[in-house]
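Colleague: Take a look at the letters that make up each chain.
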Amino acid sequence: MSRRKRKGDIGALLFRGFTQGIKQALLVLMAFSTIYPVYYVLVNSFKTRVAYAQSQISLPREVVLYNFVQVFNAPNFLRWFANTVLLAAGAVLVTLVTGSLAAYALGRMKFVGRRLLHNFIISLMVVPPIVMMIPLFVLMSRFGLVNTYPAVIIIYAGMLLPFSIYLLRSFFITIPQAMLDSARVDGCGSFGILRRILVPLSKPVMFALLVVCTLWVWNELLIALIFMQREHLRTIMVGLTLLKGRFSVNVPLLMAGMSTAIVPMIVLYVFCQKYLVRGLVAGSLKE
Amino acid sequence: MSSGSAGNKSSRNRAAVKIEPYLYMLPALFILGFIYLYPVVQVVHFSFLDLRSWPGDFIGLENFRIVLKDPRFYQSMLHNFELLLTIPVMVVIALIIAVLLHEEVWGWKFYRSLLLIPYVVPIVAIGIAMSHFFKLHGGLNQLLELIGLKSFQRQWLGHPTWSLFSVAVIIIWREIGFGTVLFLARLGSMPPEILEAARIDGAGWWRRLWCIVVPELTTVIEFFVIINIIAMLSQIFPYVFVMTGGGPGYSTWVSELYIYKQAFQFNKMGASAVVAVVLLIITITFIVLSFRFREKLSEQYE
Chain A
1 MSRRKRKGDI GALLFRGFTQ GIKQALLVLM AFSTIYPVYY VLVNSFKTRV AYAQSQISLP
61 REVVLYNFVQ VFNAPNFLRW FANTVLLAAG AVLVTLVTGS LAAYALGRMK FVGRRLLHNF
121 IISLMVVPPI VMMIPLFVLM SRFGLVNTYP AVIIIYAGML LPFSIYLLRS FFITIPQAML
181 DSARVDGCGS FGILRRILVP LSKPVMFALL VVCTLWVWNE LLIALIFMQR EHLRTIMVGL
241 TLLKGRFSVN VPLLMAGMST AIVPMIVLYV FCQKYLVRGL VAGSLKE
Chain B
288 MSSGSAGNKS SRNRAAVKIE PYLYMLPALF ILGFIYLYPV VQVVHFSFLD LRSWPGDFIG
348 LENFRIVLKD PRFYQSMLHN FELLLTIPVM VVIALIIAVL LHEEVWGWKF YRSLLLIPYV
408 VPIVAIGIAM SHFFKLHGGL NQLLELIGLK SFQRQWLGHP TWSLFSVAVI IIWREIGFGT
468 VLFLARLGSM PPEILEAARI DGAGWWRRLW CIVVPELTTV IEFFVIINII AMLSQIFPYV
528 FVMTGGGPGY STWVSELYIY KQAFQFNKMG ASAVVAVVLL IITITFIVLS FRFREKLSEQ
588 YE
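Sequence lines, in order, name chains A and B. For the first sequence, this note's numbering assigns the number 287 to the last residue and increments by one with no breaks. For the second sequence, this note's numbering assigns the number 589 to the last residue and increments by one with no breaks.
It is possible that some hints are incorrect.
[Stated by the list, open to error] Just a sample of chain A residues kept apart from chain B, beta carbon distances all over 10 Å, derived:
| hint | residue |
| --- | --- |
| 1 | R49 |
| 2 | V69 |
| 3 | N73 |
| 4 | R195 |
| 5 | S202 |
| 6 | P204 |
| 7 | R230 |
[Said to hold, decoys possible] Cut-off 25 Å, straight-line C-alpha distance, at most; resulting in silico cross-link-like pairs (DMTMM-like, lysine to aspartate or glutamate):
| hint | chain 1 | residue 1 | chain 2 | residue 2 |
| --- | --- | --- | --- | --- |
| 8 | A | K23 | B | D488 |
| 9 | A | K23 | B | E391 |
| 10 | A | K23 | B | E390 |
| 11 | A | K274 | B | E390 |
Worth flagging that the hints you see were computed from the coordinates, not collected in a lab. No residue lacks a Cβ here, since even glycine has one placed at the ideal position from N, Cα and C.
Pulled out of the complex, with its shape left as it was, chain A reads as follows (with noise of 0.2 Å):
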């Protein structure tokens, strides 16, 4: 990276060291920008509503908890949670396995019409939700599944499985054709060659996978909304659209509310950051 200049040049040192601070001062900016928004939730949630009233941006002079505790015995708050894991947890299993039995097909068995299918499925990627709503709310009311978890997991495995297949899909042809054919060799049917090569190989897909499939459920409000209609039902991004009606003049206790949604995904954005920017990154080209 660094082309020495030459010594005693000072002022060629000068404008670097000018240039140098206005790029350092560019990525304090950005860093801050980037951090202020999630600081002023936290900070907000450990005030009194005096403080509160006094100063949104200023440190709490006291720290108090008393905004939490009110929060989580707000009625059916841990339900959200509880609904919002069970949520992700079968929706992310259903993709997973569906996801790879058709990447399976589609990366490593020829057939006819594999091409058309693959891309079919691609550009899946990008309908709009809002599109399929009605028809699937009206579907959903007749025969009554609206309010249950099978409907609404079945609807976000539609949502998470294209991605999800053109991502194993593309991980699935890298691997080399004769470590197939030696497994071929020894005894394993197709299926076993999935379960006991392809599935054990792409662990890391797979991980990557499962971060990014949990972060879109937890983040997920449309469908939920629409098909999560009773109190006790509902996923936390819904719960806390309920609470900012409920609370509206007791805002520390909202932003409470907020941060436990929001550090879950801080951590674990910290602890799978490496996954989360190859499943995204892989997710739009191929890796």
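Since the structure of chain A is provided, determine the placement of chain B on it from the hints.
Modeller: Then chain B, alone, in the frame of chain A:
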């Protein structure tokens, strides 16, 4: 699996080979058909029905007439298109940050680790928090006072002139990290000699950015732009829903909110389906485009 075994297999086995791939595809195709195909066909059907009572009477183009007479429809679509202006802003900022991080400016690892924080933070949580931040007596105006810019204080979300702008700021804040990460990955796969040679030939920072980095990254930038066009036109519901709910007035209504409110609050499924069809047609255009760029992009990574 295709070329695996020699020709002494029985004909039963060969038949099994042919049907097998479809069996593996079946569960996924079932879900995709149920979640995408059926609803897409059905929503087109719905747009011609009077759905106040099930199963609905055929009323021809009546729903289209209602929507085309509704000023809220035009306003919503207009706001979607206005949000497209966030894209050039995101591209420029993301490019600059990506290049700085690629140059390994002091502390780059730390800065890089921050990039995706907005992306993992739930839109709902940050949106609700920001709706308080943007209030007249909210954090932003307090910050402005602190740094002596009191004259810039205003009703960020409460005034129709600024509400969409404020929502756009949060959209940019959250979506930009993805672009930076994408650009950074592409820069990493670029041969370092290219930049080094330009530097030795005396090309300055901006020149290198414009004449080397941007052309090298054209495909990934195009891809990011297409993806975001689709997002701005059809995937920003949570932002407006939690930050403004569409208000004040109709100043932050977008097509998705129109569809949602018509269908689930005003019980006007037909009008809602019409706008869904419009949105579908618009996005199909961009799906075709995004597809072309994805293929181009994959070739570059071979």
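Colleague: If a hint holds in the structure, say so; if it does not, say that too.
Modeller: Evaluation of the provided hints:
1. R49: Nearest chain B Cβ is 13 Å from A/R49, so the label holds.
2. V69: 19 Å, holds
3. N73: 19 Å, holds
4. R195: 12 Å, holds
5. S202: Per Cβ check, A/S202 is outside 10 Å of chain B; nearest 16 Å; holds.
6. P204: 16 Å, holds
7. R230: 15 Å, holds
8. A/K23 to B/D488: Roughly 22 Å between the alpha carbons, so the hint for A/K23 and B/D488 holds.
9. A/K23 to B/E391: With a Cα-Cα distance of about 11 Å, the restraint between A/K23 and B/E391 holds, given a limit of 25 Å.
10. A/K23 to B/E390: At roughly 10 Å apart (the allowed maximum being 25 Å), B/E390 and A/K23 satisfy the hint.
11. A/K274 to B/E390: 20 Å, holds
The structure meets every hint from the earlier list without exception.
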